[in-house]
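There are 2 protein chains.
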Amino acid sequence: MTRHTSTIGRSLPRLEARAKVTGRAEYVHNLRVPGMLHAKVFRSSVAHGRIRAIDVAAARAMPGVFAVYTGEDIRKMIAEPYYGPAFHDQPILALDKVRHVGEPVAVVLAADAHVADNAAQTIVAEYDELPAVYDEVEAMTSRAVVHEVLKPAGTFADLKYLKDKRDTNIALDFHLRRGDVAKAFAEADHVFEHTFHTQQVLHLPLEPFACVAEPSGDPASGALTLHSSTQSPSFVRSEIARLFGWPDNRVRVKVPYLGGGFGAKVYVKSEALAAVCAMLACRPVKYALTMEEQFYMITKHATTLRIKSGVARDGRISARECEVWWNGGAYADIGPRVTQKSGFTAAGPYDIDNVHIDSYALYTNLPPAGALRGFGIPQLVWAYESHTDMIARELKIDPLALRRKNLLREGRPQATGTPMRDAALDLVLERLAARMQWDRPFDKGSGTIKRGRGIAIGFKASISPTTSMAIVNLAADGSCSLYSSTVDMGQGSDTAMAQMVSEVMGVPMEKITVVHPDTDVTPYDMATLGSRSTYHMGHAVKNAAEDARDKLYALARDVGLSAETTPIPEIFRKKYGMLAGNIVGIGSFIPPYTPPDAKGQTDNATPFWMIGATGAEIEVDAETGEFRVTRLVNLVDVGKAINPAIVETQISGATVMQLGFTLTERMEFQAGQVTNASLAHYKIPGMRDIPRVMENEAVDANQKSGPFGAKGVGESGTFGVSPAIANAIDDAVGVRLTRLPLTAEAVYRALRAKAGSPLKDD
Amino acid sequence: MTRHTSTIGRSLPRLEARAKVTGRAEYVHNLRVPGMLHAKVFRSSVAHGRIRAIDVAAARAMPGVFAVYTGEDIRKMIAEPYYGPAFHDQPILALDKVRHVGEPVAVVLAADAHVADNAAQTIVAEYDELPAVYDEVEAMTSRAVVHEVLKPAGTFADLKYLKDKRDTNIALDFHLRRGDVAKAFAEADHVFEHTFHTQQVLHLPLEPFACVAEPSGDPASGALTLHSSTQSPSFVRSEIARLFGWPDNRVRVKVPYLGGGFGAKVYVKSEALAAVCAMLACRPVKYALTMEEQFYMITKHATTLRIKSGVARDGRISARECEVWWNGGAYADIGPRVTQKSGFTAAGPYDIDNVHIDSYALYTNLPPAGALRGFGIPQLVWAYESHTDMIARELKIDPLALRRKNLLREGRPQATGTPMRDAALDLVLERLAARMQWDRPFDKGSGTIKRGRGIAIGFKASISPTTSMAIVNLAADGSCSLYSSTVDMGQGSDTAMAQMVSEVMGVPMEKITVVHPDTDVTPYDMATLGSRSTYHMGHAVKNAAEDARDKLYALARDVGLSAETTPIPEIFRKKYGMLAGNIVGIGSFIPPYTPPDAKGQTDNATPFWMIGATGAEIEVDAETGEFRVTRLVNLVDVGKAINPAIVETQISGATVMQLGFTLTERMEFQAGQVTNASLAHYKIPGMRDIPRVMENEAVDANQKSGPFGAKGVGESGTFGVSPAIANAIDDAVGVRLTRLPLTAEAVYRALRAKAGSPLKDD
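Taken in sequence, the protein lines are chains A and B. Reading the first sequence from the start, the letters are residues -1 to 760 in the working numbering. Reading the second sequence from the start, the letters are residues -1 to 760 in the working numbering.
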């Protein structure tokens, strides 16, 4: 048995690499099943209104149309057809009211997708328009109320919701109180207060949402198989079963590869509509969105952030007050959890005795906002790291020195009171400083081309409490199957998990198969989100592999062989008389966790901390405001990397994504209508938008509680990008932008304002 | 927790019933995958010949043809492209020689199945014909040798093959020796010797063989998913992987429902050709046979059986000698195992001190023979139960009384020396006698219409050694998935297994899902054959469910709840803080077994015995020979029935199948060419062929070693049908048929011969 060649820490090629480049990898979009119908949706054209009438007669009469359904058709089958992870607030098709432009109002089924699409365009709806609210701060007090009544889902036991949800747009308010902020402000040498804004953007996975729902088995008792491009098969199963009032096992959710997810594909998205259409039509139904339709499904929260700090003359921060308004759009999705889970780190990775945080999840009449890579953290880091540099500039302290002075050190309590453990904040900051050669003179440019540099550092807690389970099945020939509900959406989780199995079992990588999520098959996992898979599922996988290995050793002992020296097939052959049998190892993992008290205090807020820092160098044309990022340095703490090459791509992928949100991406609205819902008008980064020099590094750290010392990396690259660039702009030309995205126009306007000749509309 | 409502022993509806009657059940024939090609085969027109040339030029040139391959194309990819469970004797496409008419010689791939078919018909092959052998007894000494050299597969450690396999058609000879037969014959009052014959027939599942092979993943290292209509996914995986020289996990075998199997779909059938075509073409390939092509794939052994008994004046049998020649056709398939495993029961369920059995597996130039429901037993029972009645008639002893006198009683050693345990031979025989009212006067008819009755009883050992494994996965909502590689091919195994899980877990049936075989997912099972699933897999399932139940109880204790009184979801919710997690139970089963020694002796030949008996009443027209079975009574010992309604259909299904083999079915050959390869010319029983009265009963027995007292039932109904009818014919009109099928013509010829005026060609 030639085991014990270490695979951990090696940049092995991805298991799926060749399948993807040769076009063989399975995606839901490619799936066709016999008798399948295509669903095309008619969407609301108003942001807020009471439905007066929906005329589907023309659509129903169109040749080739199989059926047309409205919310009322669904309500005949399901009395309460509302879903959502935090509140059951989202109807499968609009009922009584519409709450944002683009909300699904009716659906057409046809064997030909084009016929369905044409028919959907003939549908006419009449609305009694209602006052709408779009801004997150206005939503706090607006008389336009998006939801009159709300039903908490009760999914997450640790979320404390408002008791009375009538006549308010506040879905959740989270408060953290530490020390005495008022007293500290009064005693501080300086008090700084700034307000920052982020825009609404979206995930735009290149594979849009898609689900094929197949009625299976008994039409009377009901049963469905969903082939879905989802990050959360376990959740989808339970939620769809709940909608129909079925036991969970009547719904089977199968997930092939995903063409990106980024948090868009968590919880229920395309699945509910596909499922009800399939059950109403008694036919398989594919609901696959266009790129344009993705703009109406789920977005990233626009935010307003007010941050106020009390600072001593030497730069020591004694108090910080944060107020964060999250623009959740028309349906809460997981926004309330963003509000809480990210909210508690709003004061930044600094050692501040007095902290006061208010974080509000708000309903507005925009498309819903939910989880997006970073889960609220990039918005917060944008604010607190811009704020850090503004303080440094004001106090004439070097921005690096100011951060060094205040940084949370190992063992010190974070704002929740949870002590920092294995959080390499200082190492990440110091490696960034070294990479940036911060102590060397920096060429500030000449003529109209000015040069500047900036840094920023952020951190994020992982998600808790959650559960992961895994099964490792060792066949008699020595090959292994890993059953895991972790979704490989491009982040390389299949490969990382297989490496862990390989390491524990001493089985070479080519003998390991990863069984993709299938709720009838792969055991429970909370979801693939929050950079939790490597750590949470990694533990479960490692435990399962160790269980299988222990059983293999026991089997070998049982037949008088040494598992150390005998090839695996020989052990099985001796036991079973032929090449037969399996060994099944099981592993599960639930990290320890203490829910926060009423003041947001807890001794265990997270199983691990993610750290990410970015340094930017830029060139700005001081006459036109045009600028380009010439160098982007990204440092993260991933503990020990399972596969360094994949970690590197995760850092660069996250950074480039955040670069788009920083420089070019913004959903434009007119009366709630997105006006740039296409890749032609909504600009995501292309190859030519990548900084000429981009350096990505995982510091040499160790998450002692992690599997093989590892922790998650999917989001850390996003944290520091936006403020590092804004800080660099300020460094170059002395203007401060407080609103994303950072455009040449914004810089130009700021330069004009600074020069005392602001543009007329500023 | 409302557990403990017993589901065992209840005639619950089949899980798949509605899916099947509504046309929703999945079959391989319905499967289409993108880019799929259809494979159509060009077959040998000679029974034995050396391949001189194969001209595929016209086929290759036909528009729409993707590729044409011969055996030589395969040999470029696989040096030794031979497969088989006993010998690696069967080429994927003919190489060097053809050995039977209908053997695949070349294959055409096209996107359109009709194009492929048309192209295949343009292929021309030239052969140097060789002498052929068709008869199993002639094959013993024929100079026509089907295989010059043979490679034992080594799959089954307990099969003892001939050392030298050159220049013989004997694939395996099995010998059993008990006592001193020669001495006993010399001392016997009477010695009877008869020879019997059975014809070649076949399974004819209404779903012909079908496999879709999809290349998956990396074309360089190779990987395949096979969607196959197979009874043995675990074997197919290993065998296909072996052919390509891959680890097992590169082959994934998924099995939906089967439209019948009956032993045809065990081991590799359509899969090897589909797999190599897919790998050569780098495209998904479907190889789905027509009904006609099934006649060339696998058949049931034609046999010649010589049986000789030494009997005392009072009917006590003191010695029996059996010689059985099994016509294995051109490739061994599992024939050698039939020869051994059934061979050892050739002397019947009687307590005979001196037994001598020789059983020969022979190659001939006919389509291969393998496993078919009963696995050789119906051929043996046909002989020994005809022989029993012939002795009774000769000695003027009532046939029931003769059987009673000689029957193997509980604890007595069978011919192998293995003591009979839980084999309700006497109970089955007595219930049959009671049902037939054997002790009452019987109306023998009048005029030319004569009436007669006959009985027969047979037994069968189960297969050993084999391994089964199962996994039970309990979700937080209290629903269960059972992962089992048992194939539901119509026998109702899904339902029976789910009932066992329900019973142990106390979970209602509608919350149990059975995950169909998928070698990446469901654990190892030897195969679905030999009536082994209820017992072998049943044990594994029961063990897995018990493991899951124990873990649930432990989980409840862990969180301070009583598993007896708390609903399952509450236990999980308390443990995980939300409806999360799984419990995974694992079970395996290997029955104890002692391989036979050189004399065929063993103290443990089988984990259980199957018993089946049939009584027939018939009416014969003594002028024309026409007859009909007016009543058929079938008694079996299944231990305790898990689902009595399904057991009943298994008995009736097996009986009707054997009725076809008894009365109408026969493959007709001319120079090795099947001349009746269609359902129009090969007559299987239709509804009007079923006896007007058919009674099926499982006796009130208990297999103490079985799960819930149960054992297998798939084959027991086949045992007694043929001899019971032949015995009834003899009872009615005094003629004895020794050759199947029993036709009106055969009766007429026998009546003419008895009357002293035989037909000229007799």
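Calculated from the structure, these hints are not laboratory results. Ideal Cβ positions, reconstructed from N, Cα and C, are used throughout, including at glycine. Keep in mind that the hints are not guaranteed to be accurate.
Sample of chain A residues facing chain B (criterion: CB under 7 Å; computed from the structure) [as the list claims (entries may be wrong)]:
| id | residue |
| --- | --- |
| 1 | 186 |
| 2 | 190 |
| 3 | 518 |
| 4 | 580 |
Okay, which hints does this one fail, numbers in order? 1 and 2
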